[in-house]
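The whole structure should be built from the sequences, with the hints applied where relevant.
Letter by letter, the chains look like this.
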Amino acid sequence: GDSVTQMEGPVTLSEEAFLTINCTYTATGYPSLFWYVQYPGEGLQLLLKATKADDKGSNKGFEATYRKETTSFHLEKGSVQVSDSAVYFCALSRMDSSYKLIFGSGTRLLVRP
Amino acid sequence: EAQVTQNPRYLITVTGKKLTVTCSQNMNHEYMSWYRQDPGLGLRQIYYSMNVEVTDKGDVPEGYKVSRKEKRNFPLILESPSPNQTSLYFCASSLSGQTYGYTFGSGTRLTVV
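Going down the list, the sequences are from chains A and B. Counting in this note's numbering, the first sequence runs from 87 upward without gaps. Counting in this note's numbering, the second sequence runs from 172 upward without gaps.
In short, the hints are calculated from the structure, not lab data. A hint or two may mislead.
[Stated by the list, open to error] Simulated DEER-style distance windows between Cβ atoms:
| no. | chain 1 | residue 1 | chain 2 | residue 2 | range |
| --- | --- | --- | --- | --- | --- |
| 1 | A | Arg198 | B | Asp209 | 25 to 31 Å |
| 2 | A | Thr91 | B | Asn199 | 31 to 37 Å |
| 3 | A | Glu102 | B | Thr186 | 48 to 54 Å |
| 4 | B | Tyr181 | A | Lys142 | 35 to 41 Å |
[To be verified] Calculated cross-link-like contacts (lysine-lysine; reagent style BS3-like; alpha-carbon spacing at most 27 Å):
| no. | chain 1 | residue 1 | chain 2 | residue 2 |
| --- | --- | --- | --- | --- |
| 5 | A | Lys146 | A | Lys186 |
| 6 | A | Lys142 | B | Lys189 |
| 7 | B | Lys236 | B | Lys189 |
| 8 | A | Lys186 | B | Lys228 |
| 9 | A | Lys186 | B | Lys240 |
Note that beta-carbon positions come from the ideal geometry of N, C-alpha and C, so glycine has one too.
Next up, the structure:
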């Protein structure tokens with residue numbers, strides 16, 4: 087079945103460091119791919135998305151490119167801030183009528199001043 | 172402000188006492204869904220709805236009911252809650268789940284004792 091695999095956390099970085107969170111997926115067809123962020127005590131917020139191969143999603147300095155050949159959607163940011171500390175979820179949207187989001191396990195990011 | 176509103180945010184209840192978690196969205200979205208989030212198990216879909224009066228089971232529907240009598244509301248009903256339903260619940264809505272992504276509510280933390 088469809089699945090999403092994320093790198094294990096936590097990821098601890100110093101402020102202004104470069105961030106990469108790896109995400110790979112298994113799916114039939116051509117799913118849409120998403121990154122969601124969850125700040126402490128809050129719900130999930132859509133960070134960025136890509137709906138077809140080679141699309142690049144971007145928002146708030148974060149980027150991810152839909153790579154069909156490697157079935158990957160890695161999240162990157164050139165310079166992280168303390169306020170980026172959160173849990174990041176990679177997800178895909180199934181191609182059936184359920185429109186279900188299949189989530190990765192989440193990666194906790196901690197950015198130190 | 173476009174949002175998904177869940178109530179209550181926190182709830183402690185006893186086994187067997189019926190409860191309802193409300194969910195309302197103000198974006199005229201057709202698709203709505205309920206997820207539960209559990210440590211080590213991630214986010215799993217409980218039920219979803221593609222439109223008024225159209226609902227279907229997700230991955231973990233046992234012990235839950237839903238209804239969609241109006242487009243904006245999608246309550247989650249636990250007829251006889253049990254301790255294994257202790258979890259963090261999220262309601263989400265989408266204009267078109269496959270490509271637009273979902274807007275999530277802030278969550279309801281339910282404890283069943």
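Inset, instruction - Quick one: which hint numbers does this structure break? Sort them smallest to largest. - result: Hint 6 alone not satisfied by this model.
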